[in-house]
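Going line by line, the protein sequences match chains A and B. At position 145 of the first sequence (counting the first as 1) the number is 144 in numbering that gives the first Met the number 0, and the numbers step up by one without a gap. At position 105 of the second sequence (counting the first as 1) the number is 104 in numbering that gives the first Met the number 0, and the numbers step up by one without a gap.
Keep in mind that the hints are not guaranteed to be accurate.
Label pairs and their calculated CB-CB ranges [to be verified]:
| id | chain 1 | residue 1 | chain 2 | residue 2 | range |
| --- | --- | --- | --- | --- | --- |
| 1 | A | Ser178 | B | Ser175 | 24 to 30 Å |
| 2 | B | Lys240 | A | Val132 | 32 to 38 Å |
| 3 | B | Asp253 | A | His368 | 37 to 43 Å |
| 4 | B | Ser244 | A | Gly62 | 51 to 57 Å |
| 5 | A | Ser223 | B | Met268 | 52 to 58 Å |
| 6 | B | Gly349 | A | Thr126 | 20 to 26 Å |
| 7 | A | Gly156 | B | Glu135 | 39 to 45 Å |
| 8 | A | Leu237 | B | His146 | 53 to 59 Å |
| 9 | A | Tyr339 | B | Gly270 | 21 to 27 Å |
| 10 | B | Asp253 | A | Phe370 | 37 to 43 Å |
| 11 | A | Tyr389 | B | Ala375 | 32 to 38 Å |
Note that these hints are calculated values from the structure, not bench results. Beta carbons are placed, not taken as given, at the ideal position from N, Cα and C, and that holds for glycine.
Read off the chains here:
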Amino acid sequence: MIFALARRNLWRQPRRTILSTLAIALTTTLMVFMLSFQFGGYLGMIESSMALFDGHLQIQVKGYKKDPSIRKTIDNPNNLLSKIIQNPKVKHAGGRANGFGLLSSPTRSFGAMIIGVQPEHEPGLSTVPKKIVEGRFFSQGADNEIILGQRLAQNLGLKVGDAVTLLGTGLNGSMAVDSLQIIGLFKSGIPEIDRRFAEMPLTRFQETFSIPDQAHSIVLSGASAIALQEEKENILALLDSDSNLVVLDWTELQPPILQAILLDMSSALLIYVVLIIVVTFSLLNSLLMSVLERTREFGMLMALGMKPAILGKVVWVETLMLILFGVLTGLLFGYAISEYYHQTGIYFEAMEEMMAEFGMSGSIYPIIHPFTLFAGPLFISLSIALAGLYPILRIRRLEPVMAMRKI
Amino acid sequence: MTQKTLIIPIAWRSLWRNSRRTLITFAAIAVGVWSMITLAAFMDAWVGSVVHEATNNLTGHGQIHQQGYLDDPSVEYRFSLPPASLDEAMESPQIKAWNRRVRVPGIVRSERESAPITLIGLDPAREVDLSFYGNELSSGRQPKEGHTAEIVLGRRLAERLHTRIGKRVVILSQNSSGEIAESGLRVVGLFDASLEEIELGFVFITLQKAQSLLDIKDAVHEVAFTLYNPEEVQSEVDRLKQVFSDLDVSTWSDLQPLAQTMQEMSAAMIGVWTVIMFIIIAFGMVNTLLMAVYERTREFGLLQALGMKPRLILSQVLLEAAFMVGIGVVVGMVISILSIYAFTNGLDLGPLAAGADLFGSGRVLYPKLDLIIIFAISSFVWIMGILSCLWPAWRAARRVPVTTINQSY
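For reference, chain A alone in the conformation it holds in the complex:
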């Protein structure tokens, strides 16, 4: 009976009910979509900023991240690789070494970060092999070859096929001198990287920089940075317990990304709270009105013997039905919009430059996750349901005789 009463009461004022439902639905749609957009953006930001060099997880000597000195090497990386690859979540793993050197053509010289990579593993770890715009990536057994950022080659005045001289500092201050042939140019789209980075085969790097059979990091990749983050402990267990190696996840490899996400989350949280407060106040009035205008009716019902508790329940059920309508409509729309853009991506022409800074393309793909779907509706429902208690409290205080005299 309570349900029937509540339903009929709602439709006594269809206009008001529809307006209230719309307000709830709009807010819910907004929150569902904003959350899925926001988290889609975060995932995109993490993956694309890790994709170029970092991989999803790295093993390094303790302290190398903070102070990347050429001395802090991992011995016998291949031995370690064979152990790590046993973890089923790890799809690819490879050793890398990082150094710094002056690259010279006959006419010009530029300083560059030199990365030693394993040609057989690198394509699974980094997007650089896919970003070759001229020439090719290293093939297995590559030796005196080098790949340059496109800008770097341009500034050096060199093309694919030309020789370049490398001059750097090897282990313990030894001179690292080598002559290498350019076999490819990559273009990441980030000017700083295309101007400052070069890659060469790890074996040649070890020779040139005098770090025989050593590497600076083991880079791992799996399904996603988040997925491998969860495997961190298991991978640490695969390493010798007495070694001074550490496993770094994306939050440690790219702390600014994590902080940027947290910063964005806290400002977004504030916006959601305001959104919910405003919609609650907006709704509170309608809820209150629907009770006040029925004061006479309630007084009458109470005089006839209806308990205030049951009246309260009727009003409470009205509120809940209103919320349910609104939230379900909003959820449906929010889901539909998110799903649509999840497929197509949202392209921001104006933001392309900015997103390139985070290593992203110009598109954001919203994601659909139970959290992004239900967090918004849940909090909106809770907040309005709580506000709905206020008018009910007023019913409990009604005096039947006084109430009946009201207009």
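Since the structure of chain A is already known, use the hints to place chain B on it.
For chain B alone, kept in the frame of chain A given last:
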């Protein structure tokens, strides 16, 4: 005439017939308006910070380079002007500070490590009001004037190189004839910068030392300047383009397109937020007023039967709406001004500073009271609020007197 003025007290009293309802509506409008204005102020502070960081990190409000330098910042793209002609061109009442710089890529090497850097040769005294480098060094001192073999490094770069004040480092860079110039320099000072890449990537020597190291006589790579009024950067750049027709004169937004994009994005976001908030408030407001009108149906009928014109009833309800929204807006304005005022000493992003860095802003945001924005948002909400109440007002005015008087609940 009296009839027309009479509707003012009527509207005002109607507003307070149900004070609880009115107060709740105020609250909704006030919170909404507060969020709009405060968001605008903080977005503005954030953009201001991005622009400040972008211009303060040596960019200035504008720069002059040799054609081609920006694509390939190397020693070749230098320019040399008779000092008098440069001084004359830069002696503009708009220009606050300007400086000549040598700026080339290079390498710094300590006993143990080496790192890629941008080598900058300049006169530090002239960087005041131009860039962060015009501030006090965090430790040590500036190189002595002239050809002194002294260098200033970023604090984090010094840590990475395992060097400190008093020790020697070697600088390598390509000179004008294409050879690698090398010079041993003593570290005399360390600077702090808000962006990590600057602290790790820039080293400073004197202009003369840089010019002799690179063998470029009195040529420079860059002239940077700041203006008293950054708004006038385009006209100033246009003027300089006329003077130095064969050089490349650019504004900070050409040099730092990221900051420009962020500015546009934030304006769009404030607009979107204002509209969304308004729509949600409007739902509540229209609903409330519809109710208020509905419960007074008989009263309006009576007034009409007594000879009040529908037009006046319409105005009366609209006036009520104007009071309702108006007070809500004013309350919202007052709270937002107070909350912005509470942060005049800045909002410190503290532990999330590196994240702020990634978005290009500094770690402390300083929201400012922008009366134009406050006024624009408030009047938008007020006017649109009244307009959205046209529907309930029209419903009130359109009723036929006889049927409504007879209507009972």
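Original post:
Among all the numbered hints in the text so far, which are the ones the structure does not match?
Top reply: 5, 6
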